[in-house]
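*Asks:* Listed here are the chains, written in short residue letters.
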Amino acid sequence: MAELTLSSRGATAPARRSGVWRVSPWLYLAPAILTLVVWIYWPLVDALRLSFYQWNMLPTSPQLFVGWENYQRIFALPKFWQALRNTGIYVLGLLPLSVLIPLAIAIYTHDLPARWRNIYRAIIFVPMIIAPVVAAAVWRWLLDPGYGMVNLMIEWFGFDPVKFLADPKVAIWTIIAITGWKLIGFSTLILSAANANINPSLIEAARMDGASKWEIIRDIRLPLLSSSVLFLVMMTILLGAQWSFTYINVLTGGGPLGATTNIYYLLWDFGFSTMSVGWGSASAVILFLGFGAIAFVLFRLIDRYSFHDN
Amino acid sequence: MTGPFKMNRKTFLVSALALLAAGPAFAQAIPATIDQPVTITFYNYNLGSAGIGAEATRKLINEFMAANPNVTVEGVPYSSADASRIQADLAAGLPVDLVQTVFSDLDFAVTNFGAQALEDIIPAEELTAHFAGMHPNGLKLGVLNGKTYGLAYTFSTPVLFYNADLFRAAGLDPDQPPKTWAAVKEAALTIEEKTDAEGFAAGITGPSAGDWLFQGVIRSNGGEVISRDRTTLKFAEPEAVEAVAMLRDLYDAGVYDSLDIAAAMEGMAAGNFGMYLQTSAVQGVLVAGAENNFELRASTMPSFGDKPVRPNNSGSALTIHTTDPLKQRAAWELMKFLTSEHGYTIITSEIGYLPLRPAIVDDPQYLGDWIKAHPLVQPNLEQLDVLEPWDPMPGPNYRQIVKTMMDSVEMAVFGGADVQATLADAQANAQALMP
Amino acid sequence: MTTEAVPQPLSAAPARLRKKTAAGTGLNSAAGHLVMVLMSIFCLFPVYWMVATSFRPTNAIFETSLWPTTMSLDNYVYALNAIPIVQMLVNTLVVSVVVTVIQLFTGLLAAYAFARWRFPLDKLVYTGVALTWLVPFQVVMIPNYLLVAQMGLLDSVVALILPHFASALAILLLAQSMRSFPKEVIEAARMDGARSWRILWEIMTPNLRGTIASLAILIFISTWNEYFWPLLLSRTPENSVIQIGIQMFMTAEGNQWGPLMAASTMASLPILLIYVILQRQVIQSFMKSGIR
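Chains as they are written, first to last, in the numbering used here: chain A, 1 to 310; chain B, 311 to 745; chain C, 746 to 1037.
Since the hints were made in silico from the structure, they are not lab data. Take these hints with a grain of salt, some might be off.
Said to hold, decoys possible - Simulated pairs of lysine-lysine, DSSO-like, Cα-Cα distance not exceeding 30 Å: (1) B/K489 to B/K450; (2) B/K504 to A/K169; (3) C/K928 to C/K868; (4) B/K682 to B/K489; (5) B/K495 to B/K369; (6) A/K169 to B/K495.
To be verified - Stretch-level coverage of chain B by chain A, calculated; a stretch enters the list once three of its residues show a Cβ under 8 Å from a Cβ in chain A: (7) 703 to 712; (8) 719 to 725.
By construction, the Cβ of each residue, glycine as well, lies at the ideal position given by its N, Cα and C atoms.
Based on the provided sequences and hints, a complete structural model is requested.
*Replies:* So this is what it looks like as structure tokens:
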């Protein structure tokens, strides 16, 4: 998918009258900019200001300036560090599902007969189009400790039923698996597309030189896929916490014992879902700046290390 | 309002104008009758989901409108999990006239959402006339700082549901359900030993549990979560610690587990639990599950030894928020209708809550026949006589206070943490959030 | 992520593949098929189970046979009576189609500005567009609600559409595709006296069909599946979307599993159908468009 970075790609556009103010680009940009400013940036800037106030949002009550108090309270939340650690677990746990397995599937199915390849890819893509709310409901139904299909199978094999959503040790992996279930098709498709775009003559040349199948994958395919892989890794890191939000919200409410709370859910739980605009705004600013900083670092890394085709 | 944004300034202007317009009328008494068409909004969380709650609510609203042709009631669904819809609509200057307010939100509704004390807007004789026949304990539920802000609407008490078949299978007497926590533990151990089922489940903790059931447990051991003047949190005092330690003991004994409400309720409905302490509002689901499956019975909330059981309610009250006299009259008429003999009959028999008017329970014109057919509701009715209010936490951070408290309880009971230290730590954190 | 304009090697790929397939058989491929079949079951079974459950009668809802022993439409009848599902589906369709069209339109315009001109602050604006991805929805939720309320649009389908007039995804993706568009073609058109407006619609857009198609599908799906914004706005079921209908069967007093699965099936069916019909195009457009 698209790239967030600016890098130096702008130079490929016809650099006419650079540095001169002209009306045309702004006319073309106007509808989009207007929409994004009105619906996203305006509230965000307002949130920055309100994060220093205590206010219940009602026009009849005063906005009380409290300085950094909202931020202090958020950082003092007992669950804050647990949530931060869980966020890391979410990202690490999602990576195999959002990158590694799709990568393996993409490379492997490339060798399959076209008919089979298309069928498998089509099936794997299905979870992607299922609504998150529906997915949450169906998985809740499948994973029930008493009558859920998954547990009945586990018992059929002679094991004890697993409390997928109630056991603090298991719950986070359950949420990760469900999130991954949703994503796996999308990642597979992106990597398959990238894989299909690799110039076959490169592969052919390597084969002529006597390279084994594995060597072709290691020395040609993987390097050429690296930018797509990096893109997916980045998406997982930046958006992984958001992707699992619906499932945490519908399935566990952050529990049991805060085991499935990630930073995104925690800030929502204490900030947005309550009446205090100050808490919510401070939460938003922390999220935006935190993930913004991570994004900045990631882009620098990608710019430095990504390997470009042709 | 010094907000740099038009949005806020505009909101402010609109509201200021509305206040100005309402200003002179504010001092006026409400009219005795509704002689012109008026529309009121009714924020109701039962309307937010499909099913019996929404249907019964719509039915009541329609009956009311048929009887009061001048009044149009606009039902607005909202989520009881967060009242942000009400907050946002007030901020947007939309009319919020009558609200089904969860009891734990009552303080916030009064201080921030402008809930009106009935004594301030309704003539005293009318109030007296309507309150006649209501259970005094039920009337107390909506009182804050000495004034009645809400009338209990859909409310219920904690009930110990139990599976009589499992009791028999375990060699226990289903006619003698456990009355104390010690007996609960013993019965649960027996059930786990003699059957495949789990012993005990409860909706005390969990993401959507709130703190209502917890307050009753603490109070039954002679403690309280917050001082009577509502300035000091007390959930780490010795009585509360002892009560939480008792729950921890149930967990350590292997008869009580951390389950979310859906899992616990469905487990009980499927016959996999011996006992289940939960609001009587879930009765419908349990009855449906038990049908042709097992015998479901109910008892009152367990006590700590000889100490009296002091349960409190869950659920909601009706609060009037409008300042327009004509709308206040319309809202009051709807409120009266919903809390009338007929209103409570529908609420009890079709949604599954409690009637605030004890007389209708035996009256065949109202609930008489229904109660006979539904004996499960009996413990619920018994507890009306000892019912105490569900204390709402004060101040703008009240939800964070509840969360902090309940998180620590969960950690202390199921998380292996030291009970005393965990509660004390949380109490200190939460106290800092008090106004 | 770097994007090539309809890379030439692609056309050669199928022939190459067929050749390879002949070689890649045997045990290795059997094990591979096994893995892929397991993968497919993992991906498809929950969806299948949803459909199967929706047809089970109420008293057999906990049944575990692979297909209901007795088929029943009770859950559908109940769900259709409890909430206006058809109206909600129509609303969802209208919202999804309109949002898709508008986002493509504003996306094409903005992307063209980025791809065609260098102008002061262009990088800043571009970054600004990209950063909207990191703004948590919850922060804009309430202010947007207030804005919609002031416009008098609460409880209307329009309110569901308005905040989606533009998206970072569409703008960035199209900008990437346009930048890799051969400059010579644009220059030639310009020499011929074509105005920028015509270059966009008569030269660029037709050549970006693949990207636009896959983007349209992505936007359509994500709009169809949107949940939190409609949840905030929903007042009357008649003016709401299908995701809210599903949510209405998940109540504090327990989930009504049968109707919930029936509503979920009805919500997923249109989009699954579109997918089955367009499956090849979806996959193809992904492959071709340079979303990689």
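*Asks:* If a hint holds in the structure, say so; if it doesn't, say that too.
*Replies:* A quick look at each hint next to the structure:
For a cut-off of 30 Å, the pair hint linking B/K489 to B/K450 stands: about 26 Å separates their Cα positions. Between the alpha carbons of B/K504 and A/K169 the distance comes to roughly 28 Å, so the proposed pair stays at or under 30 Å and holds. Restraint check for C/K928 and C/K868: the C-alpha separation of about 20 Å stays at or below 30 Å, so the hint holds. With a C-alpha separation of about 24 Å, the suggested pairing of B/K682 with B/K489 holds against the 30 Å cut-off.
Distance check on the hinted pair: B/K495 and B/K369 sit about 43 Å apart at the alpha-carbon level, beyond 30 Å; violated. With a C-alpha separation of about 26 Å, the suggested pairing of A/K169 with B/K495 holds against the 30 Å cut-off. Chain A is given as covering the segment 703 to 712 of chain B, and this holds because 4 residues of the stretch bring a CB closer than 8 Å to a CB of that chain, at least three being needed. With 4 residues having a beta carbon nearer than 8 Å to a beta carbon of chain A, the segment 719 to 725 of chain B meets the requirement of three or more and the stated coverage holds.
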